[in-house]
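Engineer: For reference, the chains in residue letters:
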Amino acid sequence: MKAPSAKLGVEGVRKVFGDGPSKVVAADDVGFDVRDGELFTLLGPSGCGKTTTLRLVAGLERPDAGRVVFEGADWTPLPPFQRSIGMVFQSYALFPHMSVFENVAYGLRVRRLSRAEVGQRVNEALELVGLAGTRARRPGQLSGGQQQRVALARALVYHPKLLLLDEPLSNLDAKLRVYMRGEVKRIQRQAGICAVYVTHDQEEALSISDRIAVMQAGRIAQVGTPAEIYEQPASTFVADFVGKANFLECTVLERDGEACVIRCHGARLRARAATGSPPMPAGTEGLLFFRPERAVISAVQEGASGLLARVGDIEYLGSLVRYTLDGAGGWTVLVDAPPIGGIRQAGEEVLITLAPDQTQVFPKGSR
Amino acid sequence: MATLAAPRVRPRRAFDLSTTAVLLLVAGILGLLIVYPLSRVLLLSFIKPGDPVSPAHLTLANFSRFFTSGLYQKALVNSLVASGLTVLVSLVLGIPLAYILARVRVPFREALISLATLPLILPPFVGAYSWILLLGRQGALTSVIREGLGIHLPSIIGPFGVIVTMSLSYYPFVLLPLLGALSSADPHVEESALTMGASPLRRILTVTLPLVLPTIGAGAIIVFMRAIGNFGVPALLGGEFYVLPTLVYFEVVGSFNLHGAGAIALVSTLFSIGSLLALRYVTGKGGFVTITSQARQVAQSSQPAARWLGFGFAAAVIGISLLPHLTVLLASFAERWAGTPLPTAYSLINYHKAFTLSTDAIRNSLVLAVGTTVVCVVVGSLMAHTAARKRIPGRWLMDVTIMLPFVLPGIMVGVAILVAFIVPPFELAGTGTILLIAYFIRRLPYTFRSAYASLTQTDIALEEASLTCGANQSTTFRRVTLPLITPAVAAGATITFATLLGELTTTLLLYSARWKTISVKIFEFVSYDQTGPASALGALLVLAVLVTVYAANRLSGRNLTSALG
Amino acid sequence: MGVPAEEPLDQEGVIMKINRLSMAWLCVCVALAVLAATVPATVAQEPRVVVYSSAGAEIGEELAAAFMKRNPGIKVESIYAGTGVVWTRARAEASRPQGDVCMCGGSENFDINYDLLETYRSKLDADIPAEYKDPRGPRYYGMSLPIQVIIVNSKLVQRRDYPRGWRDLADPKWKGKIIWANPRISASAYAQLFQLIKIGGWDLVKAVLANAVITPSSGLAYQGVADGEFLLGMTGEGNVYDLRKKGYPVDVIYPAEGTGLRFDATGLIKGCPNPGSARLFYDFANSRDAHLIYVRVGSRRSVRPDVPTPQGMPPTSSINLVPYDAVKAGKDRGINLIIFDEMMAKR
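Residue numbers (the numbering used here), protein chains in the order written: chain S, 1 to 367; chain C, 1 to 565; chain E, 1 to 347.
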């Protein structure tokens, strides 16, 4: 059942490219809903099928199976130009033979709006993206960030019902990327439009999205809010792909609902079983997952429950210090700690302690 | 923003460039105008003369002379040697010339580039003969070169003359597209090579040229195809240097043996098509210069030394290649020119004669050339779009089909068209339409290939962006695709138009009294022994083409550089 | 809101207009061109006659003018090309002939393409001597005598060195100095070959071949001598006189062994589109007036006894003419050409 506020429904779509030995399943039973006004992100490594999924929503590819539904209407058979979408491409795809004004006006002109209306709307759109002064220029004369805004203005000017963005920021330098993602969010909010956003940058995804779908090898691995994805990854893949992750081999000793007790490299620890993971009876081999910043390191004290390790590499990152900690069993974890109260020395013995609700235990071998 | 009305979505157009409709159209045109007439004739090469055309009589007997006859083997070797060397010389002339014109601010650059298209257009039956007048034993330049420079050139009659003449008329096929590629190549790559401390020559050899290798390869293939299919130049200048088209001509015109002619033509075609497929394989792997919205202009050297050295080289090569044109120009003003190095009397009488006797022919040539060019542009772009953008199986087959009339000897294509369209329901013999069809299939590759190259170099996201903006396929094609490939298509169209004005081989088989063309008139004048008026018409052709090329350059704001990639 | 449109809009508006305009123009152009091209040639269905001629445009135009003066209602449309191309055309059109009258080279061509010709006894049949017309049908009548001679460049060859006959062409001193059209492409060249075989057998051919360059361009066979690329050639006498008239340094040598008596002909195409006017024209082409044009305009020696030889040429009676067995020549053509090819390839 879809939530009543769902605008876009992607239902079990599948897309296969090529056949025979070169066959690639780009999207395999992909399904998700996007709600009104929501910025929904498809996140995953390159080749995971996120762009294919976006192109299926846009109508640039036809699915081999499944449907794309918008506001209750079946979009699957419709070509892109009947879908009321706006799309921003990774390369921006600005028409090099048209000026900025003409680029933005394009969608209005093909809709046969009057000249006055076209002029007015283009001006508004260019103002919205802060480029009112570049109307007469050619795309080749603009900086990357400006081109990106023009592409955004072009996609929004005719008030589409759905905005699609395919890695729109990947061609920008790091600082501009951070700034522009705020801009994209602002503009999307202001236009009040629901949007599907594709990126391989997990930080960008976390900062910009209302909800995220993490994709892996053509399938959706998890859908959730940024916090859900970060805090409660549904699989080791998601945990590993989104943010930094530590994994340690462990054995489940006791399990009681979510709470469990595990043995990990000689230490007996309390931890939390991963949400939705299969039952892990005592004796199950597992993987203990925790984020570097969620662990606490302290001087070794007798009787405390935690993992013993020795400080290896130290990376000073300003706001925090990243320690590479080596355990006796040949394992290594990263732990981030604020540099309050001094920085630990390399070779120092430390104790790693974990709050149980900051951990998850996955069955070993799951992805 | 919310106060604005929702967009009015236009109802879907009745005609869309949908895959099925376009595919049917393309297949229909190719099938009716190329496959139908050519297959009828080429099939004969697998049937013994006299046998009925049926599967039971299929045989390779017509090919046996390639194994038994010394003449055939010699012609095959000659064809390959002459075409290969022509390609080589064209590359040696074209590549440095392109580099200079692209990267050095050469004086009179635009004029030089316009002039460099002219070698393509002089009908060989005039051009080749001009070389005899210039470099023959009694030629105007022969004694100058021998006594002035002390150089003994080999006889112009023979392989030397054939290769030199063909190279000097075909090197623009290398030069022009390469010029475009070098002018639009991403300068970043080269700059990065510079920063890594590469010397200029090393940079050119290891970075610049490999980048444009697909373009060079494409140009080389066109030269090869034109050279291996050329009958006129070897016939006039070859002496006994017989090539495969010579043998085809013997079979068709000497004995109307289409069976034998088809076999020879197929062997020659095998090499052309083989080289074409080899190129597809190579460029399929190599990178292309891409047109995106971020392209930046290439820097041009403006050092005086480089400028004038470059000018000297360019002017020398282009000047030499235009000597036949100058000869024609000179002859057009000559009232008397027989057996002397230079004319003995000058006047404008030739132009007067040419004009008063050829107004209809000039009109016919213009109508046919313009009509064919327009049809070539429309159909060529459409087919290129289909080939480049639709995922259809057997695209190479389409490519080969389009190239077939281009690489077959003109006389074969003429016969095939005549035999195929003389019968009901067509009954086109003697009409302008049959000339239009012949011209169309012979010249389609120019617009097709230039549009195709341009499309493969254009970011497909531009078209997708248009679709997502709400424009349907035909609007997208018209508003986005077409403007983007216009420079390339215009270049192809200009070459189509220019080479059509002087087309003779197929015309001679197909023209009627109502449809005499300029080239037919030139032929008639020559048969009257009126070389003067013939030269006047030739000079007029050259002028018409020069104006067209110049106008096309001005209008498109670019050079005819991206044709034939 | 409501910022007035600035110049980019205008600019775009203009570009849009230009785009539409050029599209419209494009469509109009295509339509016009196709329309113009599809108007059939027969749109003016006035009485006409289509003449296929390899005798050159000069004769063709004069002949047409003279004919139309006598038959003002009939339009003559002439198609000019080389002999081979004209016959190729006629044969390719065999299923629906487009031409009416063929004026195309030596009688051998008419024998080879006998099936394309119409049997018709001309009203002037009696005027043409028996040796100059088709002994069967008749399907063709003689027009002129293409007497094969040796052409020599008088500037580059001393008069005392001139060859006297066909056998002299075998002299090794002419090595590489003789140009000869390939008999595969040129009926005249085949006649020359046949004559050499008759005079000296294949040995003579072999010896001449050793000296000659065999060109696929029949025009070059005499123009090459005029331009000095070659010293000697074999061609029809008319070509030599034409070149001399234009000022080229060339001389005619009538071979001592005699030259074969062949004749160029005209014929009617079977199933031709305008049979009525075709016959009128055909009859006219055999008339004395027409033959006077061949003599005057084309420097051709007429087959009609009542027509004088062209100015500057010796009278026919003074030339050593020997019989030419056109039937045997035609019958042996295939095998002779193959022997010739191989002899040439093996040199």
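Hints were generated in silico from the structure; no laboratory data involved.
Quantities reported herein were computed from a predicted structural model and do not represent experimental measurements.
All C-beta atoms in this analysis are idealised placements derived from N, C-alpha and C, irrespective of residue type, glycine included.
Check each hint, because a few of them may be wrong.
[To be verified] Which residues of chain C face chain S? A few of them, derived with a C-beta cut under 10 Å, are:
| id | residue |
| --- | --- |
| 1 | THR206 |
| 2 | LEU209 |
| 3 | THR456 |
| 4 | ASP459 |
| 5 | GLU464 |
| 6 | SER466 |
| 7 | THR468 |
| 8 | ALA471 |
| 9 | ASN472 |
| 10 | THR476 |
| 11 | ARG479 |
| 12 | THR486 |
| 13 | ALA544 |
| 14 | LEU546 |
[What the hints assert, rightly or not] The following residues of chain C were derived to be distant from chain S, with all beta-carbon distances above 12 Å:
| id | residue |
| --- | --- |
| 15 | SER54 |
| 16 | LEU60 |
| 17 | PRO159 |
| 18 | TYR281 |
| 19 | PHE311 |
| 20 | LEU326 |
| 21 | ILE460 |
| 22 | GLY470 |
| 23 | GLN473 |
| 24 | LEU484 |
| 25 | PRO487 |
| 26 | ARG514 |
Engineer: Taking the hints in turn, state whether each one holds.
Structural biologist: Outcome of the hint check:
For the restraint placing THR206/C at the interface with chain S, the shortest Cβ-Cβ distance is roughly 28 Å, beyond the 10 Å limit, so the hint is violated. Of the supplied interface hints, the one on LEU209/C is violated, with its beta-carbon coming no nearer than about 26 Å to a beta-carbon of chain S, more than 10 Å. About 16 Å separates the beta-carbon of THR456/C from the nearest beta-carbon of chain S, more than 10 Å, and the hint is not met. Of the supplied interface hints, the one on ASP459/C holds, with its beta-carbon coming within about 6 Å of a beta-carbon of chain S, less than 10 Å.
Because the beta carbon of GLU464/C sits about 5 Å from the nearest beta carbon in chain S, less than 10 Å, this interface hint is met. Because the smallest distance between the Cβ of SER466/C and any Cβ of chain S comes to about 7 Å, under 10 Å, the interface hint for this residue holds. Interface hint status for THR468/C: upheld, as the beta-carbon distance to the closest one in chain S is roughly 4 Å, under 10 Å. Hint on ALA471/C holds. Least Cβ distance to chain S is approximately 4 Å, under the 10 Å limit.
Look at ASN472/C: its Cβ gets to within about 5 Å of chain S, closer than 10 Å, so that hint holds up. Proximity of THR476/C to chain S holds as hinted, the smallest CB-CB distance being about 8 Å (cut-off 10 Å). For ARG479/C, the interface hint holds, the least distance from its beta-carbon to any beta-carbon of chain S being 8 Å, beneath 10 Å. Taking 10 Å as the C-beta cut-off, the interface hint given for THR486/C holds, the closest approach to chain S being about 8 Å.
Hint status for ALA544/C: violated, given a least beta-carbon distance of 29 Å to chain S, over 10 Å. A distance limit of 10 Å between C-beta atoms decides the matter here; for LEU546/C the minimum to chain S is near 28 Å, and the interface restraint is violated. Look at SER54/C: its CB is around 38 Å from the nearest CB on chain S, clear of 12 Å, so calling it non-interface holds up. Against the 12 Å criterion, LEU60/C stays outside the reach of chain S, whose nearest CB is about 34 Å from its own CB.
Under the 12 Å C-beta cut-off, the non-interface status given to PRO159/C relative to chain S holds; the minimum distance is some 47 Å. Every CB of chain S lies more than 12 Å from the CB of TYR281/C, the least distance being 17 Å, so the non-interface label holds. Its beta-carbon lying about 30 Å from the closest one in chain S, PHE311/C satisfies the requirement of being farther than 12 Å from that chain. With a closest Cβ-Cβ approach of about 39 Å to chain S, LEU326/C is found to remain outside the 12 Å limit, as its non-interface label requires.
At roughly 9 Å, the least C-beta separation between ILE460/C and chain S is not larger than 12 Å, which violates its mark as non-interface. Look at GLY470/C: its CB is around 5 Å from the nearest CB on chain S, not clear of 12 Å, so calling it non-interface is violated. GLN473/C, annotated as away from the interface, has a beta carbon of chain S within 12 Å; the closest lies near 8 Å. A Cβ of chain S approaches the Cβ of LEU484/C within 12 Å, the least distance being about 6 Å, so the stated non-interface status is violated.
Distance check on PRO487/C: its Cβ comes as close as 10 Å (rounded) to a Cβ of chain S, failing to clear the 12 Å threshold; non-interface status is violated. For ARG514/C, the non-interface assignment is confirmed: its Cβ lies about 42 Å from the closest Cβ of chain S, beyond the 12 Å cut-off.
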